[in-house]
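Knowing the structure of chain A, use the given hints to seat chains B, C and D on it.
Each chain is listed here by its residues.
Number of protein chains: 4
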Amino acid sequence: MRFTSDNIASAHPAIFEALAAANAPDTGYDGDRLSRSLDATFSELFGTEVAALWVATGTAANGLALAALCPPHGGVVCHAEAHINCDEAGAPEFYTHGAKLVTVEGAGGKLTPATVAARLDAIPRDVHRVQPHALSITNATEYGRVYTPDETAALGDIAKARGLAFHVDGARFANAVATLDCHPGELTWRAGVDALSFGFVKNGGMSAEALILFRPDLAELVRVRRKRGGHLLSKGRFQAAQILALLEEGRWLANARAANAGAARIAQAAGNRLAEPVEANELFVRLSASEAARLRAQGGEFYDWGEGLARFVVSWDQPEAEIVALAAALAAL
Amino acid sequence: MRFTSDNIASAHPAIFEALAAANAPDTGYDGDRLSRSLDATFSELFGTEVAALWVATGTAANGLALAALCPPHGGVVCHAEAHINCDEAGAPEFYTHGAKLVTVEGAGGKLTPATVAARLDAIPRDVHRVQPHALSITNATEYGRVYTPDETAALGDIAKARGLAFHVDGARFANAVATLDCHPGELTWRAGVDALSFGFVKNGGMSAEALILFRPDLAELVRVRRKRGGHLLSKGRFQAAQILALLEEGRWLANARAANAGAARIAQAAGNRLAEPVEANELFVRLSASEAARLRAQGGEFYDWGEGLARFVVSWDQPEAEIVALAAALAAL
Amino acid sequence: MRFTSDNIASAHPAIFEALAAANAPDTGYDGDRLSRSLDATFSELFGTEVAALWVATGTAANGLALAALCPPHGGVVCHAEAHINCDEAGAPEFYTHGAKLVTVEGAGGKLTPATVAARLDAIPRDVHRVQPHALSITNATEYGRVYTPDETAALGDIAKARGLAFHVDGARFANAVATLDCHPGELTWRAGVDALSFGFVKNGGMSAEALILFRPDLAELVRVRRKRGGHLLSKGRFQAAQILALLEEGRWLANARAANAGAARIAQAAGNRLAEPVEANELFVRLSASEAARLRAQGGEFYDWGEGLARFVVSWDQPEAEIVALAAALAAL
Amino acid sequence: MRFTSDNIASAHPAIFEALAAANAPDTGYDGDRLSRSLDATFSELFGTEVAALWVATGTAANGLALAALCPPHGGVVCHAEAHINCDEAGAPEFYTHGAKLVTVEGAGGKLTPATVAARLDAIPRDVHRVQPHALSITNATEYGRVYTPDETAALGDIAKARGLAFHVDGARFANAVATLDCHPGELTWRAGVDALSFGFVKNGGMSAEALILFRPDLAELVRVRRKRGGHLLSKGRFQAAQILALLEEGRWLANARAANAGAARIAQAAGNRLAEPVEANELFVRLSASEAARLRAQGGEFYDWGEGLARFVVSWDQPEAEIVALAAALAAL
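Note that the protein sequences, when read in sequence, are chains A, B, C and D. Positions 287 to 619 (the numbering used here) are the ones given, in order, by the first sequence. Positions 287 to 619 (the numbering used here) are the ones given, in order, by the second sequence. Positions 287 to 619 (the numbering used here) are the ones given, in order, by the third sequence. Positions 287 to 619 (the numbering used here) are the ones given, in order, by the fourth sequence.
In short, the hints are calculated from the structure, not lab data. Incorrect hints may have been included.
Which copy is meant is left open, because identical chains are indistinguishable; a pair holds if it fits in one copy or across any two.
Mimicking SDA-like on lysine to any residue, the simulated pairs with C-alpha atoms at most 25 Å apart in a straight line are [as the list claims (entries may be wrong)]:
| hint | residue 1 | residue 2 |
| --- | --- | --- |
| 1 | Lys446 | Leu504 |
| 2 | Lys396 | Ala366 |
| 3 | Lys446 | Ala615 |
| 4 | Lys396 | His414 |
| 5 | Lys446 | Glu506 |
| 6 | Lys446 | Ala505 |
| 7 | Lys446 | Asp503 |
| 8 | Lys446 | Arg476 |
| 9 | Lys446 | Ala614 |
Just chain A, same shape as in the assembly (with noise of 0.2 Å):
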């Protein structure tokens, strides 16, 4: 029963069949034809024209981004849970050369217009203070929530009326579409969203994500420094044949229906010992001290989450045995 987290799960079998498929000779770092078509495949899916790059991790692919939105002396608002803030070793510090994450506090990881716009409302406008440049937010959050269609609008509105550039960090972008069953324009460019790190390692995926700029004019800029990063590979092909592959099939959604399905079906077990809603592949259970180690002693494999409360991830590939399993687990606590 290990939920301790998408990432361990397996590479979806159509990868292996799309890296074979790539091993062609063809022309270095991002010249090959499978590097060269993303724009126009993630243009297509996203309904209007974007620039899409691959890159090697979801940190990498945050920390481009919001070099791209952000100076060094500006600010990114973001939720003081963000992965950016919490779980990145300072790499969003790192790519931006020192910009200042600028944290609001909210149930569900989620940030609201009206938090955002109390935190900016806070800074004197004088140059003393690191002035925010960038709002920056997780969809699905660190704690398995969504932002809807109107949500994500709002806070691009909110975004667009202060001056800030806004970016999504979707390591599970797919299990929030899924959710949300929206067209994925909606969570996007359609609500002000800038850049989006589209996630698709923990969704099936080996070693690829996607940096979608609904900004192609920031492409050049982002290729630049994505090389100055160290993330240009020198035999791409192998990355775009990976999200090639995700999204050939509408895999990145059947893959993120899926894990988001065994999370409900553990949600139903868990009852009143949710602390969030599910409404992702993530659940967050009270547990006491001794119900955890109950739960370890029958195999069960989760992260602690502060006091009283344990982190559940479902795996697009999850064993249904698992699933039940835990269901079953949960439920005889």
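Just chains B, C and D, lined up with the frame of chain A:
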């Protein structure tokens, strides 16, 4: 007849087997069994205790190595045509936070104790001048030349005498070892090398390179900086698997020998057109513009390398027919 | 009645005499007789061997100190309202190359061993989280409070226990020493402090602040970084002269005592309107909007400090008439 | 006979009067009356609208200027012996966050359109190479040579044609203007210059230099970065006062003319020992080791400048007796 770069070559079949074998869930990042085995595997290969980290590019390996060896206010002595100086879009400056590359000229892309000493002697020891803290060489060099163990050790001696850390960019380290037929330790730690960017991708790999630290005390710092650079992949086992597949059964050496042998055959045909001795898998051939055009008309693909010079790179998997054809074409010019 | 800041105050007459006296040619940068005397002068003042560097601003002193104590990938624990976090436009991030300010809340702008420990305990010790490397406090604080020698030493103890370097932003260090009537060593090295930004400009200076390193082994590095930050003035003797002029005849303490005494007189008049005990030269006074307007109509100049609060700063040269007038005006509200 | 540097010279008496006059309380930072007057004063001097900021060093002026004109991933074309490349401890790299200085050789420390073009042409326009974004020259140069208005304009033309911003390091700008007897606008904005580091300290100043932006749209950004660099002094009026004092009554030009005239007199005596034409206040004189020793025995103070060369700098306040004595000593060698 594609001889533009060993970057365009295919990945070795063993890579694909290894990736498939690694596709069971395991701990994320570098906590998996394969990643954790790298230190021991490379320690055995080099005959001394090392720390070994996978990264996705040689540029990242170089950047992380230099950042560990040189502070932001320091300098890195390197050849004026070194990859780190010319072909990494400023990644060394990015990773080191602005250290200065202090360049030295020299035939064949090679440094010597004399040229290094002259450069160092020209720098006054005061607070106004950037003081070098590291020395970096490329072996095999950007001109397909190798540093022998003795030459490397002589540079290691001056590095030590002048208080410089010593880094080797080994994008084609395997080719150098194959040519010199020496123990890899002789080109590294026995010669005073502190860190090696050990290239696999140009040598039959897919998307994993190794950074070898001969000072394992640096490993903790470099692991943090790897994460901070966005280079800690979530499913690291797929990185480790690639490297291990090329180390097994001596594939890394076999691949390099194949590429070197192809280059040697072409070199014979090129005769006194060669601008540099061929000591690895690259050839620098004097061609007039019309000769270059004629070769291209015959299907030759290669880079112009300044006025009247062309670069040909032979890959590990270069078809014999292409080698024969290029040799014949050069001989017939 | 100008009480907006001690930044607006005049420079002490002795400064002008010292500048004039320093106007003979002497060696450039910090090679002159006066600059070279600083180490010894401050070593005597603090009763231990220190290195002392002039800089032009407290922000530079803080940035250089933090960069010497915390690597780019590290964190600096400080109060959420610390000057380094709120009022330096990201200079600490600039000088440290992106270190993260890890903030702690607390009354009076003060940290305690308990609040620091709680913050540290919440940070998992892994590669994904920025690990704190330094602790920074402001004494006197941004709320005009002081840390006693014991309080400072208790923070020094936890810093040492947790492997953190310890920095004091002493923009108003003189005011703290004057209030506590203690040896300056008790608030610094005897309490485990590694570096002090020793402010002079707010205390009768003109354009020179001192950075005191209680670890003289850091001096060489900091001198290099001072130059690299553009803070090594060409005619450094004019910087040193200013500082020495304020150290002579105990002017730094006399000035601070004068400012503190003025604040104490106003505090008495402000009575229970005070939001913070007045322990240095700043007062935080509860004022309704209409009361603030009334004061301003009477010629009062001061900053609003959030909802219903106003900040008054008394300068070393504040005319007695202004002190009396403000006290009367507050009492009459 | 102190001719080591114009850094060691005294400050002009008018500076002291101006400092005393500025010693009434005024708004902090650059909000005071004097600082606020700089834009207008320099706009009048240059005959166009400029933004003018005081800083404490030429290194800071250069760093801030380059950071405004070149992104972290860009390059700055400059002479190999430029102050920014050799004598600022990497400050340009620090302020630009790692931009690369792309160096060009040339007699007299001078660049020409031809040498700049050749350097630019050698850089492939791809993502692997650092692309230059700015051009920086020093006028007068590090070898005491000047760029005429025509020469400057020709460089401005190539800068514009190649998309480079154009910066002038004018540590000795006054000396160049004095020699050329031209309008300062001819050496700057009329020639396409975007930013000028306008030196005052070597020319009778104390601790204030000016950064002149001929693109006032950059001012807001540079003011933020000045604060972030720790260069926004609290009592900025003392900075502005110094600069204004030297601008008044044409002191800046009178001082430069005095220094230039002294150099010219010595040049006559030095005759064909001169390695460079003397066009400002520096002399580069061929001296054998024994000749140098003899001069030093006579009380001569100067720097060796490589093999068989010595540098003499004449200051604005150089006593006539020293000038006469050095001239005689050189003639007598």
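Going down the list of hints, with the structure as the test:
In this homomeric assembly, Lys446 and Leu504 come within 25 Å of each other (Cα to Cα) both inside a single copy, at 17 Å, and across copies, at 23 Å. In the homo-oligomer, the alpha carbons of Lys396 and Ala366 lie at most 25 Å apart both inside one protomer (10 Å) and across protomers (22 Å), since each shortest distance falls under that limit. Taking the closest pair of Cα atoms, Lys446 and Ala615 never come within 25 Å of each other, the shortest separation being 47 Å inside a single copy and 45 Å across copies. For a Cα distance limit of 25 Å, the shortest separation of Lys396 from His414 across copies, 21 Å, qualifies, whereas the shortest one inside one copy, 29 Å, does not.
Proximity of Lys446 and Glu506 under a CA criterion of 25 Å is satisfied in both settings, with 23 Å inside one chain copy and 21 Å between copies. Taking the shortest alpha-carbon separations for Lys446 and Ala505, both the intra-copy value of 21 Å and the inter-copy value of 24 Å come in at or below 25 Å. For a Cα distance limit of 25 Å, the shortest separation of Lys446 from Asp503 qualifies both inside one copy, at 18 Å, and across copies, at 22 Å. When the C-alpha separation of Lys446 and Arg476 is checked against a cutoff of 25 Å, the pair qualifies only within one copy, where the shortest distance is 13 Å, while the shortest distance between copies is 38 Å.
For the homomeric pair Lys446 and Ala614, neither the shortest alpha-carbon distance inside one copy (47 Å) nor that between copies (48 Å) is at most 25 Å.
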